[in-house]
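2 protein chains.
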Amino acid sequence: MRRCTILGSLLFIFFGFSMLNAQNDDDALFIKSIYDHSLTSSKIYDYLHTMCKEVGPRLSGSAGAEKGVDFCFETLESLGMDSVLKLPCEVPHWVRGTKEYVHMVQDDSFVEFHCASLGNSISTGGKEIKAEVIEVMGLDTLAILGRKGLEGKIVFFNRPFDDTQTRTFYGYGKAVDQRVYGPTRAAKYGAIGVIVRSITNAIDFVPHTGVTVYDSTYKIPAIAISTMDANRLAKEIEKGDKVFLEMYSECKNLPKKKSYSVIGEIKGSEFPDEIILVGGHLDSWDIGEGAHDDGAGCVHAMQVIETMKALNYNPKRTVRCVLFMNEENGLAGGKSYAEWSNNNNEYHMAAIESDSGGFTPRGFSCTAEESVFIEHLTKMKKLFSPLESYDLYFKKGGAGADINPLKSQKGILIGFNPDSQRYFDFHHTSEDVFENVNKRELQLGAASITSLVYLIDQYGI
Amino acid sequence: MRRCTILGSLLFIFFGFSMLNAQNDDDALFIKSIYDHSLTSSKIYDYLHTMCKEVGPRLSGSAGAEKGVDFCFETLESLGMDSVLKLPCEVPHWVRGTKEYVHMVQDDSFVEFHCASLGNSISTGGKEIKAEVIEVMGLDTLAILGRKGLEGKIVFFNRPFDDTQTRTFYGYGKAVDQRVYGPTRAAKYGAIGVIVRSITNAIDFVPHTGVTVYDSTYKIPAIAISTMDANRLAKEIEKGDKVFLEMYSECKNLPKKKSYSVIGEIKGSEFPDEIILVGGHLDSWDIGEGAHDDGAGCVHAMQVIETMKALNYNPKRTVRCVLFMNEENGLAGGKSYAEWSNNNNEYHMAAIESDSGGFTPRGFSCTAEESVFIEHLTKMKKLFSPLESYDLYFKKGGAGADINPLKSQKGILIGFNPDSQRYFDFHHTSEDVFENVNKRELQLGAASITSLVYLIDQYGI
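Residue numbers (the working numbering), protein chains in the order written: chain A, 1 to 461; chain B, 1 to 461.
No wet-lab data here; the hints were simulated from the structure. Computed from a predicted structure; not experimentally measured. Heads up, a few of these hints could be off.
When chains are identical, the list treats them as one kind, so a pair holds in a single copy or across two.
Heads up, simulated DSBU-like pairs for lysine-lysine below, C-alpha to C-alpha not over 35 Å straight-line [as the list claims (entries may be wrong)]:
{"no.": "1", "residue 1": "Lys395", "residue 2": "Lys32"}
{"no.": "2", "residue 1": "Lys53", "residue 2": "Lys239"}
{"no.": "3", "residue 1": "Lys43", "residue 2": "Lys395"}
{"no.": "4", "residue 1": "Lys32", "residue 2": "Lys396"}
{"no.": "5", "residue 1": "Lys153", "residue 2": "Lys86"}
If we strip away everything but chain A, and leave its shape as in the complex, we get (with noise of 0.2 Å):
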């Protein structure tokens, strides 16, 4: 096996740590030269541009996703990288088409709402749905209210967002079953239709679409309103009467497609079969640029490259860069390159996944079983900080969707996690584009990948 074994892990607290004290000044400067490529010469803020800007919206199985695939592909081939490929997998050809709407109405007219199809949904079947909607706050409510209650209705789910979590992923994850789930639960019921309150924090007139799962055959169609609709919508249905929506979409499932991650790889001089891989998603929703979704974790990634060409250094363990095709409706990418891994044999010693926004960096959260390694990283922590007042913390946690089917390599899996509070302002929207990427937030998070990167490839894990 090629993994550290526990006498191994023993023997590095005993005698690595003094070994890293001894070596701590000329880590210390490698890393400020890291963070100061990162912050004056790195191209991080241009690849972004390229793939907001020229690339544009990446959904899996669309012209842009391939578009994305090639600028990845030739981005990584012009970093002079040892080897560059195209990784094929299969994925969800989901479109939105190109009119869907949700109406209250009132009376002789309607109000509008701000609306996003969710992604994967069917369509109203070429017509307009109309029907009574049934507020809901969550899953559970749908047995209570039934078949009696729910047959022919538009349910509408609107719990909202717990904005006490601090960090943002939590309230998002205590929210999104609605999404994922409540259109086919709502369908078992005799739903006609689904609306669901948006996803976010904030408060405002932008809709947030996002995946929904169905079972096979509870299908309805699904489509997200904005938080300011939502409680518009809300009031209405509060004052007692009954409130009947409008609702109109054209999204199609066309056949699954081929496509592909693409993968760039400096091989180790020393150690070429223990393998750290970074990486970010390079799909993305279709109504923004994806630019914190996750095109800041692909460049975060493409820039650990850049910056180690740059600062001429060559790794001893093999680093790889994984661009991940499908993270947000399918995993394809994910799934397929842990075959194919898995099918070479490979060993993934460390796989850090950027997906979670190109924020100011606030560290990193790890899935280490032991906790030696977030130990031995808190402990070279102050190596983080080439100016004393930029911390990063290491805890355990959440990596990410595209590296967590490398777990059965039992090396360690790491998200890179940026500070949380403006992510779900852009999550699947139309404003998620580059202009709300700050330039330099973007630089000290391949900066602080990139110290990871070289840290682990020095001292292992």
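Mind docking chain B on chain A? Use the hints.
Same frame as chain A, but now just chain B:
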């Protein structure tokens, strides 16, 4: 003496922490309630909206500043504090005038730069100044060029912001001498005008104003230009031919005016003579809305009080909210406050200033001579993290310009440190507006500061 003795500190170290541990659960619960209130029911975002959109720019001596005084006074009164007062001070009354420009002359035409006169600058005397421009990278170069090289010229200070500083305030600190002292120093060598590269990380067309300070007799007009324009001008100069600028401004220094800082107080129930101050400065530059600088600081401080009142918290020690006048160009409010406080034999056990924007909190810096306070807070750090992913640091460092004059009282001066990456995109510009402050980031700042006030109130320093 009211302040801690060394013996007291030692006793605290040995016994205080065990007491703290026993209390930790209650404290953690109360701090969670502070965060919950701040993130869901606080008024801070509305306060900032009023400060920016109804009050508007608040330059010392302006009608806006007086409106700001009234708004802060009324807000603190509405919160039911034990006393609210306006403390007089005498402030400069500098007025930009209606027209200002910088042109780069090219053949028969000119290029118009994006510019803003520096605060305190004199005008160009009712006429346009036209002269050759000399680029310098810092104050030292002036002596090298001497009167021979500078007489009758326009000096262009163009040393850029140091992007390698992970805390941007250090980058600012390394560049700002050009703006503050450049004009008067250049005047000593016979220069007739000064152009300053805007002090910012951002490469854009937004000019940044800010104060310049003249020696009594050496006064020439000084105007900031955007970094894009500065780069263009530098490129033109680099070609080797003489480059000429035209500059014009109508600034005026009017007679000093009476103005006010605003002070609201909740009298301590057990130790009324031990004051904990929270504050920001209510004046701003004239060309924006002073949203981050320092509307955010003012509303942070007011929100501390609103949260305490909403949670029915009666402090043991006196909690005082101070909104200082005239931080930007004179510090009249900070000086008069310290004088008034010293005359009343007061003791500020702790003073916390928020004057670094409304961004996501990173930590607090503190001027404590002894590290006990920082250790103490670091041990209590977990209390600040209702969710473990939300870390704050406590470090030795600067506090705030308005509270610095309190240092003779030997209490602890603390600066709130939000993330600094975006601050200098907005600082002293027309872009420093409400829309560029994120609601949750602002709320989290207030929650962090309120929690710190609570802990100091509970346990002293």
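Open item on the list: Are any of the numbered hints broken by this structure? If so, which, sorted upward?
Closed with: 5
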